[in-house]
Structure formats: structure tokens, C-alpha cells
Amino acid sequence: MTMSPNSPAPAALELRGVAKSFGAVVALASADLRLEMNSIHALVGENGAGKSTLVKIVAGLYQRDAGDFLLRGESVDFTSTAQAKAAGIAVIYQEPTLFPDLSVTENIFMGRQPTDRYGRIDRRAMKAEASQIFERLAVHMDLDRPAEGLSIADQQLIEIAKAISLDARVLIMDEPTAALSGVEVDRLFAVARSLRDEGRGIVFISHRFDEVFALSDTITVMRDGRYISTDAITDVTEDEIVRRMVGRDITELFPKEEAVIGDVLLQVDDISSTGVFSNVSFSVRSGEIVALAGLVGAGRSEIARAVFGVDGYDSGTVTLGGRRVPRHNPAAAMTLGLALVPEDRRKQGLILESSVARNATLSIRTKLSRFGFITSRAENAAARIWATRLQVKSSALDTLAGTLSGGNQQKVVLGKWLATEPTVLIIDEPTRGIDVGTKAEVHRLLSDLAGRGLGILMISSELPEVLGMADRVLVVREGRITAEIARADATAESVMFAATHAEEPVR
Amino acid sequence: MTSLDTRSPLAAKTIANYGRPLWRRWLLSRESAVIVAVILVWVIASSVVPYFGTTTTLDFLLLDATPILLIALPMTFVIITGEIDLSVASTLGLSSVMLGVLTKGGMPIELAMVFCLVVGLLAGAVNGFLVTIVGLPSLAVTIGTLALFRGIAVGLLGTTAITTFPPFWQNLAQARFGLTGIPVVMVLVVVLIVIFALVLHVTPFGRGLFALGLSKDTATFSGVKVNRAKFIAFLLTGLISALAGIYWTLRYGSARGDNATGLELSVIAAVLLGGVSIFGGKGALHGVIAGVLLIGVLQSALRLANVSSDAINIIIGTLLIVSVLSPRILAWARRLRPSAPRQRK
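As they're listed, the protein sequences go chains Y and C.
If you count by our numbering, then the first sequence holds residues 1 to 507, one letter each, in order.
If you count by our numbering, then the second sequence holds residues 1001 to 1345, one letter each, in order.
Okay, chain Y solo, but in the shape it has when bound:
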């Protein structure tokens, strides 16, 4: 690449016309991105728009088929992630992968531990640097605890610490805030800004527009594997960006429609699990959407898991339609009409190495069988109903679930659970990490289901989603339900107040 004399100063990172195909599937048709130093550059687009592929090319995980890839004006060809790292590129993924048995500190310095003059690992130096980084992040972290069992939020903070310790010049944050609570997001943004002011370039990928507009300097939109536009953030509006992303107008949040609230379906009475949650009682009625709000780590998912039976609990009872739901027995809960769309769709919701059809029918494999036998024909027929109804974008039913985009994966998980024809649907983070268009589809679907008399218990970390969808908001704080707020009284302030303040009475 020869630089023309009048070209501007080299960008921290520049992609031009980058393309990537997998067999016949075009993941990226033509992607452009110009990341300046000293800037935070938002990259937005629906799931499947090619953002993840672009990130993987920059990270050295994929090699591009065509186009230019320049780092500080120099053309580069990474054939491994190690090369990209060495060139100063760090990627913070949506779902970090740490070594579960190693400590927080060891994870940060994995593969490049500082050594003393005898060649031994210098734990003191390692710990000192780690604690300094976390101080800078303004995060409390037990440096010696193993990574196992840390929340996704904490795991991401470790990844960020790792990038800082590597002194990465280009940071790519792939939906870093999806699993963070409000306070943590603010902290992360403060760190991101200081990293920018140190001269680094940051690519920020997010589906949350309030964050994009609060944080970024520049915004690039992608759609269907193509570059659409790049603007200074002050020159565009949210509506304009959404229109460009989806290629049409869209109402982002679909508020719940009025539904007839009927009898109590799910009744949870005083369940406790030592050290996890205590004295939790609530009910979900037919036609009602009840939200479990609260900070990440408050115990919301744990309550849902216990109610469904994936985990046990020590005392209390759960009944569904007047019938006792046995403890620690998901199969029995499913038979009674309970369904749980789990928090982590890649690990708990789907079998990534299995086909769309097998995934969609795993929960109803017994129902689908005739005389004890189940056939691919029956599975395909059942899977097709839900794939079509939920508009899953997949070329075939035997496509592996792991190759679908996040939004389509979530649709498969939803289809898998709706196929069980539940009376109460528990849904943990229904729209985490999925694009605006699919988000609206999911919201419309949940509203529609409630309209048909389903009871829905929704766990969500996104306040607009909670406020838009829920008839009642239950706020969980440190394993207890600390407030119950009716739809009319639910505001961002009242929910956040209850989620963060223990003693003061709410409202």
C-alpha cells in the first residue's frame, strides 16, 4: 500500500474493503473501519451484521479473504492471535474465557509471568501490578481467589486488566457492558476515557444506545456484512442510527400490551438456600410479566435456577397451578408446565455442536416420540414450526447451532422452551447481546405470550426492558426480595434505589 502524500495521519487501525467468507456464507462483504488514536469508536449493527467477524479478523483469529488491514499505517497480516497481541491489539470479548482454577492474578499474567533473577515466578511483583491495575479501575477484587465462580462482570474486568497490563494500543470491547450493573458501567466508562486520553484507540461494540452515545466520539454502522456510515457522534441521532442499522424504521422497545391478569400460576413460598438467597416469596399470575430486577450478582439467576430445579434449595415450597413442584428436578418441573430460558445461552441454553433441529427439540424429545421412538422427521417438523414462527435465520435445520449469530441462537433457545407449551416461562436476560431488531421481536413475543395467558418471570439487567415489559417489578438485593413495585410506580429511579439501598424504605 503506497500512501498518497496528502493522506491524513495514520490511524491506529484501519480496515478497507475487508471481506471474509466461510464456504458459501459471506460473513463480511466489505467492511471499513478507521479508528483514530485518542478516540472511542462505536461499532454498531444488528447481530449477523459482521461485527464479530470483523473483530476476529483484527484479533488474528480469522484471516481476511480480501481488503486492506493497516495498523498505524502499516499493512499487517496476522496469522495468529499471538501476533495481534504482540502488535498491541487486545480484545475483550462478551464472554471471557479464563482459567477457572488459576487465581485472578495468575489469569492476568498467564503466559508472561514476571520472574525474579533466579527465573522463578515473582508473585510479589505480579500481585503488586495486579492490585495497581485494579486500583486504577477502581474495582475491589480478591486477587488470590480462583477465577472459577466469578460473575461474567468480574471476569470481564480481569480481561480488561490483562489488556491494560499488556499496554495494548488498540482495545476492542465486544459488548463489555452487557453483563455489568449501572455502577460498574460508569466505572468502566471512566477507565475507557482515561485509556483514550493516554492515546489509545478503543473500539466499543454495544447494543445499548444510551451507552454508545454517552461514551463514543465516532460511530460506524454496519449492516449485512457491509460498511454503511461513519459519523461524529454529535452529528447523528439515535433514531437515525437505528434506521441505518435495520434499513427501516423500528420502535426499539415494544411495551407490553394490556393483558387480562388471571389466577396465580406460580407460587413461590419462603424458599431459602444457605449463602445464596433467603426467604424468597412471590407469585406470578396468568397474563402477567413479573420482572426480577437488581444488580448483577444479587441472586436473581440463582432464584430462577432453584425454582426450576436445576439447583436445590434448603427450605420453602414452589407450586405451579396448585401442584407442588418437586425440588431439584427440572424434568418434573417441565412436565408441570415450567420452562426456563437460561442466562448463558451458549453453555446452558444450547448445544453448540448440535444441529438447530436437535437443539430445538431436546426439551420435547419425549413428547415427540411415538411408541418410545423419535425420528429425525418428527424433530425436523417440530423444529421447523418454531424456526419459522420465530424467523430463525439459518440455511438448514441441520446447521450447527454454534454457527448462528447471537440473536438467532436466542431464538432457537426460545423456540426450544416454547415448544414445551409451558404455563409459566422463566426467562433470564431475554435480550442480552442481541440486536435491536431481534430485541423488539422478543419483546413482542413475550407480550403476545402473556396475552395468551402465560405467566412470565423475566430477569433483566436492562432497566428500559424491565420498565417497558413488567407488570410488577421485584427487586432483588443480596439474595432477598427487597421491594415490590407496581408498573405504575416503577421508574428507573425507584428500581435502582431499591436495588442499591438496603435500609431506607422504598417509595
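Treat each hint with caution, since some may be false.
Said to hold, decoys possible - Below, in silico cross-link-like pairs of lysine-lysine (DSSO-like), each with a Cα-Cα straight-line distance of 30 angstroms or less:
1. C/Lys1225 with Y/Lys347
2. Y/Lys367 with C/Lys1104
3. Y/Lys347 with Y/Lys367
4. Y/Lys347 with C/Lys1216
5. Y/Lys85 with Y/Lys367
6. Y/Lys85 with Y/Lys127
7. C/Lys1225 with C/Lys1282
8. C/Lys1216 with C/Lys1282
9. C/Lys1282 with Y/Lys347
10. Y/Lys367 with C/Lys1282
11. C/Lys1104 with Y/Lys347
Unchecked claim - So these bits of chain Y aren't anywhere near chain C, every CB distance computed over 10 angstroms:
12. Pro10
13. Tyr118
14. Arg193
15. Glu198
16. Gly199
17. Ser229
18. Ala331
19. Ala333
20. Asp344
21. Ser354
22. Arg358
23. Phe373
24. Ser376
25. Arg384
26. Ala396
27. Ser494
As the list claims (entries may be wrong) - Covered stretches of chain C (chain Y as the covering partner; in silico rule of three or more C-beta atoms under 8 angstroms from a C-beta of chain Y):
28. 1108 to 1121
29. 1216 to 1223
To be clear, the hints were calculated from the coordinates, so they are not data collected in a lab.
Positions of the beta carbon are idealized from the N, C-alpha and C atoms, including for glycine.
Given chain Y, put chain C in place with the hints provided.
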């Protein structure tokens, strides 16, 4: 266009069942490769190796392969759940000794056989209990029970052998259908193959086995009773190993504590050769059958060609490594082939 969503052609109303045509899915599968290999070796050996094409060869080949074929069926279940059972040959030995001791003590052989099968179930229950309820790794558990069951077997009978069994049963174990060279015992084998294949591939239980082998968490969230499924798989290896022990005793007319020592490795080798993933969740029973037959046919052909048994072991060991490596080599070759010319400056 009835669909509201017109953004992408992929969102059209119908989704195909399969991304690739049937012939490609079939021909490019691992199982088909092993089946083709069996046929190739058979055809080549029939024309090159003297006496290979005779019915006697077929008879002995099948009789020899029967214990491996039997145990490979439940072993496939166990490996698909992501576990392993190394104690099968010891259970076989224990069952063999039990049959000898009980019939020598005057028990009718039919009743003794039932006892043997119960002992097999108990052996499987011990493995299943330690793996699923106590939560120990199956590799460690079954290395332990490999020694334990073999120890009990040898302890019961010492170095002696019991060699008197009712001639009717002994003849049955070796009889063949007319002049075909197909042993009568193959009826039992084929029935069991059909049952295991149906359970694995067309029942909800089988779907659960594959699911939990690929993702234990997702299987649990989907209502698969993970521990129960694994326990059943271990019960089955115990039961079928005991059955193979009965067959072994009658066929060779000898109940010994050291019967079939080391057979577990042949079984596992055949299962892996047949395309079952050692990490769980992947495989098919017809591939396993072909894997057992491939090893059987190769062994038989090489033996008839006067290749030494050491050399046969080297050949089969190499074949196993190559077969486990081949998917990776293919993936690597695919990566090397560029899908479009890369632009470099």
C-alpha cells in the same frame, strides 16, 4: 411474500432440513469411510491371501470378534456420555469364573448364567455409583475396578481352570448355520446390535446421551437426568461384559480368572476407530460395528498371510492413531486451501 421480514433472503418462509444433499452427508461421514475400508480390506484379502475367502475363515473371524462386538455396544454408550469403562474385561473374567465355580458346585448352568448376569449388573452398579453419585472420574474408578474385579476372579479360582460344561451349550457357542460359516451366536449379536442401535439413535434416552456428552449443563437445563443416564450406561457395560464372559467360557470350554485380559483396549480401540469421539457426544453405532469388523478382518487376513502377531499389533495401533488423527489432518488441509486469493502488498 407473506413474511413481514424482507431484510434477508435467509428469512424466507421455508428452511431446508439439510444443508447438504443426502449422498454427500453419507459419503463424507466418518462411518462410511470405515465401512468402505472393511469392504476394501475384505476384497483385497480375498483375492490376495490364500484361504481368506473360505467359510471357515469367516466363521472364526466372527467367533473371535463376538466378545468385542458385544462389549463395544454399551461401551459406545459410555463413551458418548463422555465417560470410559476400563473394567469390562475384568467383569468378563469374573463372570467366566462365576459360571465355572457355580456349575462345578452343581448348579444348573442356566441358573448359573442368570447369576453371572446379576454379577455383571452389580459390577456395573459399583462403577456407576462411584462415577455418578460419589462423583469420581470414570478413568480412575474403572482402573480401580479393573484390578478389583480381576483380583476377585483370580482369587476365586487361583491359576486353575474349570473345563467341564454341558456339551449342548458348548456346541451352541461354536455352531454355525449349515455351510455358511455364520455362527449361530450371531443371532444374539444381531438382536443386541439392533436393540442398542435403536436405543441410541431413535429414542429420547439416546438423544439425552448425545446431549449430555456434548454439554452437561445444557442437558441438565433441558431435563435430561444426567446421572441416571450415565448410571444406566455403566449397568449396561457390566451386564453385556458378563454376557460376553458366558460366551467366552462356553466357546473355549474354559473358565479361568485371566480370561480376556486386556480385551478392554481392543474394545475401546474399535469404538474409537468406528468414529466415536473420546470426548463424548459424537458417533454412530454402525460405525462402531464397522470398526470392530475392520480390526477383525485385518487381524484375520494378516494372520493368514503369516504376518507375526507383533507386526499385526503395530499395524492396528498405527491404524488407530491415523484414524483418530485423520479428521484433524482434513481440517488442517481445508484451512490451507484458500477460499479466495489473498491480497498482499
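Worksheet item: Straight-line Cα separation of C/Lys1216 and C/Lys1282 no greater than 30 angstroms?
Response: Within the cut-off at roughly 14 angstroms; holds.
Worksheet entry | Y/Arg193 and chain C, when compared Cβ to Cβ, separated by more than 10 angstroms | Fine: 35 angstroms to the nearest Cβ keeps Y/Arg193 off the interface.
Worksheet item: Looking at Y/Ser376 again, its CB stays over 10 angstroms from all of chain C?
Response: 8 angstroms, violated
Discussion item. Minimum C-beta separation from Y/Ala396 to chain C exceeding 10 angstroms: can you confirm that?
Written reply: At about 4 angstroms from chain C, Y/Ala396 fails to clear the 10 angstroms cut-off, so the statement is violated.
Practice prompt. Decide, holds or violated, for the assertion that all CB atoms of chain C are farther than 10 angstroms from the CB of Y/Tyr118.
Written response: 36 angstroms, holds
Discussion item. Confirm or reject: Y/Ser494 is not an interface residue toward chain C, with every Cβ-Cβ distance exceeding 10 angstroms.
Written reply: At about 33 angstroms from chain C, Y/Ser494 clears the 10 angstroms cut-off, so the statement holds.
Worksheet item: Are the Cα positions of C/Lys1282 and Y/Lys347 separated by 30 angstroms at most?
Response: 18 angstroms, holds
Worksheet item: Under the criterion that the straight-line Cα-Cα distance not exceed 30 angstroms, is the pair Y/Lys367, C/Lys1282 satisfied?
Response: Cα-Cα ~24 angstroms, so holds.
Discussion item. Beyond 10 angstroms on every Cβ pair: is that true for Y/Ser354 relative to chain C?
Written reply: The claim breaks: Y/Ser354 does not keep its Cβ more than 10 angstroms from every Cβ of chain C (closest is about 6 angstroms).
Fill in: Within 8 angstroms of chain Y's CB atoms, at least three CB atoms from the region 1216 to 1223 of chain C: coverage verdict
The restraint on the region 1216 to 1223 of chain C holds, since 7 of its residues have a Cβ under 8 angstroms from chain Y and three suffice.
Discussion item. Run the distance test for C/Lys1225 versus Y/Lys347: straight-line Cα separation, threshold 30 angstroms.
Written reply: 17 angstroms, holds
Fill in: Minimum Cβ-Cβ distance from Y/Glu198 to chain C exceeds 10 angstroms
31 angstroms, holds
The earlier numbered hints that this structure contradicts are 2, 5, 11, 18, 19, 20, 21, 22, 23, 24, 25, 26 and 28.
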